[in-house]
Amino acid sequence: MKRSRFPFIVTGFVLVFFYLPILFLVVDSFNASRFGGAWRGFSFKWYERLFHEPAIWEAAKNTLFIAVVVTFLSLVLGTVSALALHRFAKSRLQRFHYTLIYTPLVVPEILMGISLLMAFVAAGVRLGMATIILAHVTFCVSYVALVVLGRLQDFDFTIIEAARDLGATGWQAARRVLLPMLAPGLAAAGLIAFTLSVDDFVITFFVAGPGSTTLPIRVYSMIKHGATPMINALSTLLLALTFTTVIVSQRLSKSGAMEGGQ
Amino acid sequence: MKLRMLLRFALGAAVIAAGFLTAGCGGGAKEQPALHVYTWSDYVKPELVARFESENNCKVVIDTFDSNEAMYAKLKAGATGYDVITPTSYMVSLMRSQDMLQPLDKTMIPSVTHVDADYLAVALDKGMEYSVPYMLTNTGIAYLKSKVDGFEPTWAMFERTDLKGRMVMLNDMRETIGAALKYLGYSLNSTNPEELAAAGAVVKKWKANLAKFENEQYKTGIASGEFLLVHGYSGDILQVQAENADIAFVMPREGGVLSCDDLVIAKSAKEVKLAHAYINFLHDPKVAAENTEFIQYLCPNKDAYPLLSEAIRLNPGIFLAPEIQAKCEVLADLGEKNALYVKIWDEIKAGK
Amino acid sequence: MKRLRKRAQELLLTAPSFVWLSLFFLIPTALVFILAFRPADPFGGIGKGWTTATIKGLADPQYLAIALRTLWVSFLSTGICMLLAVPTGYAVARASERRRNMLLLLVIVPFWTSFLIRVFAWKSILHPEGFMKKGLVLLGLADPSSQLLYNLGAVIMVTVYTFLPFAILPIYAAAEKFDFRLIEAARDLGATSFEAFRKIFLPGIRQGLITAVLVVFIPALGSYIIPDIVGGPGSELLGNKIAQRVFVDRNLPLAGGLSIVLILAVLAPLLAVLALQGKGSRIAPKREETET
Numbered sequence: 154m155k156r157s158r159f160p161f162i163v164t165g166f167v168l169v170f171f172y173l174p175i176l177f178l179v180v181d182s183f184n185a186s187r188f189g190g191a192w193r194g195f196s197f198k199w200y201e202r203l204f205h206e207p208a209i210w211e212a213a214k215n216t217l218f219i220a221v222v223v224t225f226l227s228l229v230l231g232t233v234s235a236l237a238l239h240r241f242a243k244s245r246l247q248r249f250h251y252t253l254i255y256t257p258l259v260v261p262e263i264l265m266g267i268s269l270l271m272a273f274v275a276a277g278v279r280l281g282m283a284t285i286i287l288a289h290v291t292f293c294v295s296y297v298a299l300v301v302l303g304r305l306q307d308f309d310f311t312i313i314e315a316a317r318d319l320g321a322t323g324w325q326a327a328r329r330v331l332l333p334m335l336a337p338g339l340a341a342a343g344l345i346a347f348t349l350s351v352d353d354f355v356i357t358f359f360v361a362g363p364g365s366t367t368l369p370i371r372v373y374s375m376i377k378h379g380a381t382p383m384i385n386a387l388s389t390l391l392l393a394l395t396f397t398t399v400i401v402s403q404r405l406s407k408s409g410a411m412e413g414g415q
Numbered sequence: 002m003k004l005r006m007l008l009r010f011a012l013g014a015a016v017i018a019a020g021f022l023t024a025g026c027g028g029g030a031k032e033q034p035a036l037h038v039y040t041w042s043d044y045v046k047p048e049l050v051a052r053f054e055s056e057n058n059c060k061v062v063i064d065t066f067d068s069n070e071a072m073y074a075k076l077k078a079g080a081t082g083y084d085v086i087t088p089t090s091y092m093v094s095l096m097r098s099q100d101m102l103q104p105l106d107k108t109m110i111p112s113v114t115h116v117d118a119d120y121l122a123v124a125l126d127k128g129m130e131y132s133v134p135y136m137l138t139n140t141g142i143a144y145l146k147s148k149v150d151g152f153e154p155t156w157a158m159f160e161r162t163d164l165k166g167r168m169v170m171l172n173d174m175r176e177t178i179g180a181a182l183k184y185l186g187y188s189l190n191s192t193n194p195e196e197l198a199a200a201g202a203v204v205k206k207w208k209a210n211l212a213k214f215e216n217e218q219y220k221t222g223i224a225s226g227e228f229l230l231v232h233g234y235s236g237d238i239l240q241v242q243a244e245n246a247d248i249a250f251v252m253p254r255e256g257g258v259l260s261c262d263d264l265v266i267a268k269s270a271k272e273v274k275l276a277h278a279y280i281n282f283l284h285d286p287k288v289a290a291e292n293t294e295f296i297q298y299l300c301p302n303k304d305a306y307p308l309l310s311e312a313i314r315l316n317p318g319i320f321l322a323p324e325i326q327a328k329c330e331v332l333a334d335l336g337e338k339n340a341l342y343v344k345i346w347d348e349i350k351a352g353k
Numbered sequence: 051m052k053r054l055r056k057r058a059q060e061l062l063l064t065a066p067s068f069v070w071l072s073l074f075f076l077i078p079t080a081l082v083f084i085l086a087f088r089p090a091d092p093f094g095g096i097g098k099g100w101t102t103a104t105i106k107g108l109a110d111p112q113y114l115a116i117a118l119r120t121l122w123v124s125f126l127s128t129g130i131c132m133l134l135a136v137p138t139g140y141a142v143a144r145a146s147e148r149r150r151n152m153l154l155l156l157v158i159v160p161f162w163t164s165f166l167i168r169v170f171a172w173k174s175i176l177h178p179e180g181f182m183k184k185g186l187v188l189l190g191l192a193d194p195s196s197q198l199l200y201n202l203g204a205v206i207m208v209t210v211y212t213f214l215p216f217a218i219l220p221i222y223a224a225a226e227k228f229d230f231r232l233i234e235a236a237r238d239l240g241a242t243s244f245e246a247f248r249k250i251f252l253p254g255i256r257q258g259l260i261t262a263v264l265v266v267f268i269p270a271l272g273s274y275i276i277p278d279i280v281g282g283p284g285s286e287l288l289g290n291k292i293a294q295r296v297f298v299d300r301n302l303p304l305a306g307g308l309s310i311v312l313i314l315a316v317l318a319p320l321l322a323v324l325a326l327q328g329k330g331s332r333i334a335p336k337r338e339e340t341e342t
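Residue numbers (my numbering), protein chains in the order written: chain F, 154 to 415; chain C, 2 to 353; chain Z, 51 to 342.
One thing to keep in mind: the hints can contain errors.
[Unchecked claim] Derived DEER-like restraints, expressed as beta-carbon distance ranges: (1) Z:Leu321 to F:Glu201: 52 to 60 angstroms; (2) Z:Glu147 to C:Glu348: 56 to 64 angstroms; (3) Z:Leu61 to F:Gln403: 39 to 47 angstroms; (4) C:Asp150 to F:Ser402: 58 to 66 angstroms; (5) C:Glu195 to Z:Gln112: 18 to 26 angstroms; (6) C:Asp150 to Z:Val187: 18 to 26 angstroms; (7) Z:Leu76 to F:Thr395: 31 to 39 angstroms; (8) C:Ser55 to F:Thr397: 32 to 40 angstroms.
[Claimed, not checked] Sample of chain F residues lacking proximity to chain Z, with all beta carbon distances greater than 10 angstroms (derived): (9) Ser196; (10) Tyr200; (11) Glu206; (12) Ala208; (13) Trp210; (14) Phe225; (15) Met282; (16) Ala316; (17) Asp318; (18) Thr322; (19) Ala326.
Everything labelled a hint here was simulated from the structure, so no lab data went into it. Note that the structure is predicted; figures quoted are calculated from it, not measured. The beta-carbon is built from N, C-alpha and C at its ideal position, and this holds for glycine as well.
Build the full structure now, drawing on both the sequences and the hints.
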């Protein structure tokens with residue numbers, strides 16, 4: 154049966170499209186020029202400078218911590234709400250719930266940021282990492298819910314009932330039946346939430362407290378005076394780290410799978 | 002099995018998060034007071050900050066913003082926690098009128114006697130009651146010497162159709178309309194509707210030759226040859242000149258904008274004594290000179306001038322010729338009249 | 051009794067996100083709505099009292115041009131994203147398990163680097179003296195004085211670039227559980243690849259498609275950083291105007307008003323669609339109704 158080559162060609166093109174700017178980004182991290190326009194010779198100086206900038210590492214640490222917490226929280230909240238939306242889709246409550254879920258996508262970030270700030274100030278909440286996490290989860294929940302909802306399409310809850318009739322507890326049924334089915338959706342949603350949190354600038358700028366800066370905030374303010382090639386260097390390091398981890402884990406799982414039989 | 006993979010990932014993430022959490026907690030020493038500075042990026046030499054920290058047994062936490070307006074919007078909406086802030090002068094007037102600053106105690110900042118009186122004469126806060134000038138810059142024109150023939154130091158360069166699509170002006174309402182006002186011979190703080198309308202017409206004419214309005218990327222643009230002539234800040238251009246000797250910077254003969262970023266103390270500041278000490282430290286002539294060399298803007302500290310290197314002292318883009326200096330003005334905040342500029346700027350942006 | 055338990059279950063599942071979003075989203079957004087009805091003070095604050103002047107001020111024709119341009123850009127970007135995301139989501143879903151994880155990571159990891167730096171990289175690529183421009187000139191597709199940057203085309207391309215992974219992931223998630231044997235069965239019965247794709251696959255991932263469209267189109271409407279950096283003087287979008295109102299003009303009420311316009315422009319058609327689907331309709335369509 155001949156399978157169409159078309160989707161794979163498109164995927165290839167998409168990957169080239171994604172990595173073209175990344176290539177430029179990496180090459181520019183070795184560009185001796187501070188302004189990234191013309192090539193002025195090969196240099197490691199941005200990497201050297203990067204290691205002497207505690208401010209950037211501090212921001213990176215904060216960003217990573219926030220992203221992990223946000224991903225976890227929004228996965229939980231989003232999945233639960235997707236379950237509600239799918240299971241009880243006919244009810245009026247769910248229709249309102251659905252609107253509530255996708256409306257955060259619509260509000261422009263600037264206004265979401267300022268209104269959250271005003272709300273925090275009015276409530277006397279001190280700005281800091283916690284407020285950033287609260288804000289991020291708020292917009293990530295929508296994405297997670299919608300993605301998991303897509304996963305749940307056509308899912309028949311009677312399977313769960315059947316499992317319970319056969320003696321499984323609610324929790325067992327969820328763990329053994331529901332979760333594995335949802336897993337790819339959770340993975341996709343988690344990746345989205347993580348990415349959104351790591352890269353958010355506008356909302357974070359407004360709700361960040363003194364001393365709780367994130368990488369995007371640092372990067373934006375570096376455009377005026379700072380040496381942005383350091384961020385190219387940081388990004389290159391991140392890419393190298395991630396790909397190395399992936400390759401290593403692939404190797405490990407390959408040898409593991411071979412032993413365990415496939 | 003996918004589920005196992007997910008669980009492994011979650012476990013790994015939790016471990017990482019825990020690691021960072023403890024690292025973060027371990028780092029914060031509670032005994033030292035912390036001074037919170039809200040400023041532009043790379044706007045003070047790190048060694049100087051370290052020196053201040055050790056001399057005063059404190060920690061300096063620097064947070065950065067990318068524009069005056071963003072900083073103002075955030076503070077106006079109620080954010081607090083910052084002690085020292087470095088807004089641009091016109092923003093300082095605005096913040097002062099909104100009761101966001103506290104008056105300075107001169108007895109705690111004796112080194113401000115070194116501040117250049119010539120600059121103070123044109124400054125917005127002449128008596129340094131709420132602000133102390135920190136770094137000065139002026140806005141002019143930078144161009145590639147080899148690519149632009151017949152350059153004339155005038156704002157009318159933006160009328161040159163042979164440079165069409167290769168020029169940019171600042172995406173800043175006051176700077177760009179101000180350049181047109183100066184070209185026509187008016188004050189750049191004018192609130193006269195006819196003068197403003199005339200300036201608006203001039204900018205619309207210039208806009209036809211521009212690639213875009215740009216606030217930061219003109220530096221990269223001219224360094225890489227993307228743009229041939231740009232409207233930009235002296236301090237920024239100096240940095241680019243270090244890389245590309247083909248770039249020249251000139252203040253047009255009609256005069257232009259003089260901007261100064263000032264040091265202010267927020268009304269809600271917690272560490273008031275430390276904040277004053279910080280300001281005092283920055284105006285020690287040796288510190289001011291070191292800072293100037295690092296940032297490449299100009300600290301208006303007259304006793305620091307002799308300590309500066311020749312490259313800066315003899316640079317006509319930094320130390321302007323007196324007759325041009327006389328034509329330059331500092332941007333003032335216009336309060337309600339801001340709306341007049343907004344209207345013209347909207348028209349400029351909307352027109353094709 | 052069963053009914054009550056069901057109801058309790060529903061409330062339990064709905065409560066967490068409901069409470070969270072009401073607290074951290076509804077209330078702040080309501081503030082935005084309220085803002086639009088208050089007068090602006092020239093110093094960026096909100097005046098006392100109420101006024102409809104701001105809302106009336108929205109009738110200015112310049113906003114119409116900008117709104118139409120914004121809709122057009124978002125619409126086009128979403129279309130291109132979908133054309134690229136559907137085949138990609140399909141390919142990833144059909145890949146072997148190991149390949150699949152690799153592909154997913156390959157797709158998303160570039161977006162963990164700083165957004166701003168990526169957009170700057172695009173500026174390097176589209177540089178008037180850059181290799182892309184030179185290549186196009188060589189091929190005769192562009193003339194030497196043309197500009198690849200600072201126009202709507204650049205804005206659309208970078209917008210597609212930014213939102214594409216968010217379209218691919220939901221489609222992948224939905225496609226992964228799709229039973230591809232159905233397509234083979236359809237083809238056995240005589241359908242062409244494309245027919246099978248259109249009539250069997252697409253409806254099977256319907257919710258995924260809806261999600262993909264939502265997460266591209268809607269945020270694209272409000273984007274302002276992309277047009278700011280790679281757009282030209284003629285590519286101002288609604289997001290830029292809102293940003294200008296907040297920062298430069300310090301007119302929060304007007305910014306709030308513009309946002310309401312944006313929100314209504316998006317919500318209105320969506321609500322209409324939901325209403326048209328009828329009273330007995332489901333949000334997540336099921337192929338058969340069974341008593342649950």
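Checked hints:
| no. | hint | result |
| --- | --- | --- |
| 1 | Z:Leu321 to F:Glu201: 52 to 60 angstroms | 56 angstroms, holds |
| 2 | Z:Glu147 to C:Glu348: 56 to 64 angstroms | 59 angstroms, holds |
| 3 | Z:Leu61 to F:Gln403: 39 to 47 angstroms | 44 angstroms, holds |
| 4 | C:Asp150 to F:Ser402: 58 to 66 angstroms | 60 angstroms, holds |
| 5 | C:Glu195 to Z:Gln112: 18 to 26 angstroms | 22 angstroms, holds |
| 6 | C:Asp150 to Z:Val187: 18 to 26 angstroms | 24 angstroms, holds |
| 7 | Z:Leu76 to F:Thr395: 31 to 39 angstroms | 37 angstroms, holds |
| 8 | C:Ser55 to F:Thr397: 32 to 40 angstroms | 39 angstroms, holds |
| 9 | Ser196 | 17 angstroms, holds |
| 10 | Tyr200 | 15 angstroms, holds |
| 11 | Glu206 | 15 angstroms, holds |
| 12 | Ala208 | 15 angstroms, holds |
| 13 | Trp210 | 15 angstroms, holds |
| 14 | Phe225 | 14 angstroms, holds |
| 15 | Met282 | 16 angstroms, holds |
| 16 | Ala316 | 14 angstroms, holds |
| 17 | Asp318 | 14 angstroms, holds |
| 18 | Thr322 | 15 angstroms, holds |
| 19 | Ala326 | 13 angstroms, holds |
Hint compliance for this structure: no hint is broken.
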